[in-house]
Amino acid sequence: MAAASVGGRRFEHLFWGIDRASTFAFKAAFADLVDDGGPVRATGNGIAIAVSDDGSGFLIAYSRMPTLAAMLEFLVTTIGYKEVDEATATFREGGVAAKTISETASHFQRAVYAYLKDHLPPAQRQRRERDFLAFAAARAGNRTSLDSIDDPIVLAYWQENATDGRIEARTYRSVYETAKRLVTALEAAGARTAAAQARTVGTDREAGEIDTEDVAAVAELISEQDGPLERVLEAAAERVKFVNATEAEVLSEIPSNAGVGRRLAVSVLRNGVYGSRQLQLSNAIRRKDPHLGALISPPDGSYYRDKLKHYEATLAALEKTAMAALWSLFTAGHEASCDLTLALAPDLDWQALAVRDGAEDGNVVSLVEREALRKFLNEVPDPDGDEIQALLADARATFRSVNRVGFKGDPDEETVLAMAEAVPALLALIAAVRRFLDTEKGIGDWAGLEVSDGLIFSSVLNELYSGQAETSHAG
Amino acid sequence: MPAETPETRLALAALGAVDSANSLHGGAGARPSLAEIYAYASDPSYRAGPEFLQRLQADPLLNADVRRLISNLSAYELPRAAAAASGQITRRESAGVLLTMTVSQARASQAYLGVTLQDEQAFKPSRLSFVGRNGAVVHLSLPDFDDAETQVIVEIDSPAFRMFADPETEVFLA
Chain B
1 MAAASVGGRR
11 FEHLFWGIDR
21 ASTFAFKAAF
31 ADLVDDGGPV
41 RATGNGIAIA
51 VSDDGSGFLI
61 AYSRMPTLAA
71 MLEFLVTTIG
81 YKEVDEATAT
91 FREGGVAAKT
101 ISETASHFQR
111 AVYAYLKDHL
121 PPAQRQRRER
131 DFLAFAAARA
141 GNRTSLDSID
151 DPIVLAYWQE
161 NATDGRIEAR
171 TYRSVYETAK
181 RLVTALEAAG
191 ARTAAAQART
201 VGTDREAGEI
211 DTEDVAAVAE
221 LISEQDGPLE
231 RVLEAAAERV
241 KFVNATEAEV
251 LSEIPSNAGV
261 GRRLAVSVLR
271 NGVYGSRQLQ
281 LSNAIRRKDP
291 HLGALISPPD
301 GSYYRDKLKH
311 YEATLAALEK
321 TAMAALWSLF
331 TAGHEASCDL
341 TLALAPDLDW
351 QALAVRDGAE
361 DGNVVSLVER
371 EALRKFLNEV
381 PDPDGDEIQA
391 LLADARATFR
401 SVNRVGFKGD
411 PDEETVLAMA
421 EAVPALLALI
431 AAVRRFLDTE
441 KGIGDWAGLE
451 VSDGLIFSSV
461 LNELYSGQAE
471 TSHAG
Chain H
476 MPAETPETRL
486 ALAALGAVDS
496 ANSLHGGAGA
506 RPSLAEIYAY
516 ASDPSYRAGP
526 EFLQRLQADP
536 LLNADVRRLI
546 SNLSAYELPR
556 AAAAASGQIT
566 RRESAGVLLT
576 MTVSQARASQ
586 AYLGVTLQDE
596 QAFKPSRLSF
606 VGRNGAVVHL
616 SLPDFDDAET
626 QVIVEIDSPA
636 FRMFADPETE
646 VFLA
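Protein chains in written order, with this note's numbering: chain B, 1 to 475; chain H, 476 to 649.
By construction, these hints were calculated from the structure, which means they are not laboratory data.
Positions of the beta carbon are idealized from the N, C-alpha and C atoms, including for glycine.
Careful, some of the hints might be misleading.
[Said to hold, decoys possible] Which residues of chain H face chain B? A few of them, derived with a C-beta cut under 8 Å, are: (1) 489; (2) 508; (3) 519.
[Said to hold, decoys possible] Some chain B residues flagged as far from chain H (calculated, every beta-carbon gap over 12 Å): (4) 79; (5) 123; (6) 129; (7) 182; (8) 189; (9) 191; (10) 211; (11) 212; (12) 219; (13) 222; (14) 294; (15) 320; (16) 383; (17) 450.
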């Protein structure tokens with residue numbers, strides 16, 4: 001910053017006035033720095049700075065500047081530009097002294113610690129993740145960390161830790177979320193590590209070193225913002241109500257990650273039933289509701305099977321809106337209607353659209369596809385016609401039966417675009433729910449689980465809340 | 476402790492990175508990057524997003540950062556003016572520079588914003604920035620100076636005209 005401020009320059013222009021923070025850009029930015037005998041001068045590799053009060057000096061390499069720029073950006077976005085500007089004013093304007101450097105560094109350290117104290121992610125969650133992995137590893141046998149995370153481990157961890165206060169694991173939902181995050185992260189890390197086997201130069205993984213590019217790649221894969229439900233809501237929520245609030249709540253219980261659905265199939269249901277129940281209990285205690293007993297006792301009847309029926313009904317509603325969207329997109333002549341048709345009716349007989357052309361050339365194939373699309377968009381709905389015509393007639397009837405925003409009358413252009421934009425995420429969401437329900441069908445004894453889980457959960461919940469129940473009742 | 480395999484280390488590091496990114500840069504508490512503030516404060520062609528503008532209205536710290544950055548990047552600074560008798564400011568003056576706003580005789584819908592430097596040899600600015608109430612910023616690109624003077628046409632119903640007339644507005648030239 002001192003170097004960037006020589007001769008009345010402003011450091012802001014250097015760090016934020018360039019298109020890309022690269023070695024080359026920083027070298028070019030200092031190219032016209034004149035050596036006037038002052039403490040700052042440009043060299044071939046970087047900027048040399050003489051420290052005024054102890055006769056020492058240091059060199060900041062151009063190649064190091066992008067990293068330093070990122071650190072400065074971090075400081076500005078955390079503690080604020082004003083504070084950075086004020087704290088660096090002395091050495092930007094009055095020369096670089098060792099004492100000033102030390103005081104400024106201490107100032108930043110204090111300011112960043114103060115910021116982190118308020119903003120760091122909950123340490124308890126990270127502690128629980130490590131503790132959970134250790135718990136699973138102790139019971140893993142020859143299995144990997146990933147394979148050791150399964151339904152029995154999630155339940156056992158909660159049973160063992162919910163009440164003892166050693167670690168924050170009071171709610172089943174928090175333990176389930178931990179397991180879910182770990183499965184997602186371990187799967188992504190496993191795939192990344194396998195792919196990285198061939199490019200181990202420069203990083204000593206066995207010694208515990210982690211490549212920051214690997215961390216960034218895995219972090220991107222596990223980022224929570226990217227689920228298909230969120231993308232459907234984001235793409236179309238205001239213009240097209242593919243999913244209403246109740247359905248969104250139900251769908252949010254179903255993991256979009258196939259590995260989570262497969263490894264934690266029963267835990268998903270336990271979270272849906274008992275995770276919600278425990279939340280209701282907490283709210284009831286807060287309200288001093290005297291009727292906690294009913295929430296602690298096992299639920300009546302076939303509650304897991306009822307939950308699965310609820311998921312199936314929500315999937316059916318989702319497929320219905322997708323079918324209605326097919327009609328909107330078809331009447332608007334949008335090619336996304338073809339994608340929807342392929343997804344909603346994968347076994348459809350497309351013979352009627354076949355375009356005869358023996359050529360293999362890519363351009364010809366493209367023409368053939370366009371011709372097939374044109375023929376598809378010219379199809380006439382007919383319940384008694386061929387499979388495509390019957391499907392379109394079905395889509396039209398479905399559209400007329402849906403009473404939601406975006407599905408009334410002829411859609412305007414923006415509605416069509418919002419619908420088309422949401423189609424890929426909608427199809428991914430439908431696929432995720434279908435896949436999850438297929439997994440659930442492989443679990444045979446739901447009735448037995450309902451009985452055994454009822455006993456386990458009511459026992460732990462009783463231990464956790466019976467005191468409050470009495471207090472609440474008495475109060 | 477968990478078995479320290481490369482996958483476990485990488486998975487935990489990535490989960491930590493996601494948490495940190497969400498906490499430090501996501502959510503309601505996140506500040507815009509300085510690159511965004513810099514563009515808003517210095518580039519007349521930059522159009523800030525609605526999120527940034529809403530944040531600017533509500534966040535006094537961001538407001539102060541924008542104002543300070545514009546001030547730091549400026550060669551001339553004209554502070555808030557004393558209210559004129561008419562309530563509308565038509566002249567602003569500070570060390571080294573005079574600004575005047577004159578409604579056109581030929582076209583009543585337009586006005587001339589004149590910039591006069593006291594020292595012909597002084598730095599000649601190319602950008603004029605108004606910083607109004609709640610940190611709202613309007614930039615004008617200035618034509619080349621003819622000796623110590625230049626002028627730019629503004630529409631009477633433009634934000635620039637309104638902000639010049641408002642005593643609460645600060646003006647910066649860079």
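Hint check results:
1. 489: holds (4 Å)
2. 508: holds (6 Å)
3. 519: violated (14 Å)
4. 79: violated (9 Å)
5. 123: violated (10 Å)
6. 129: Given a closest Cβ separation of 6 Å, the condition is violated.
7. 182: Given a closest Cβ separation of 7 Å, the condition is violated.
8. 189: With a cut-off of 12 Å, residue 189 of chain B comes too close to chain H, as the shortest Cβ separation is near 4 Å.
9. 191: Incorrect as stated: the minimum Cβ-Cβ distance to chain H is 9 Å, not above 12 Å.
10. 211: Residue 211 of chain B is in fact no farther than 12 Å from some Cβ atom of chain H, at 8 Å.
11. 212: Check fails; 9 Å does not lie beyond 12 Å.
12. 219: violated (4 Å)
13. 222: About 6 Å separates residue 222 of chain B from the closest Cβ of chain H, which leaves it inside 12 Å; violated.
14. 294: holds (36 Å)
15. 320: holds (34 Å)
16. 383: holds (47 Å)
17. 450: Fine: 33 Å to the nearest Cβ keeps residue 450 of chain B off the interface.
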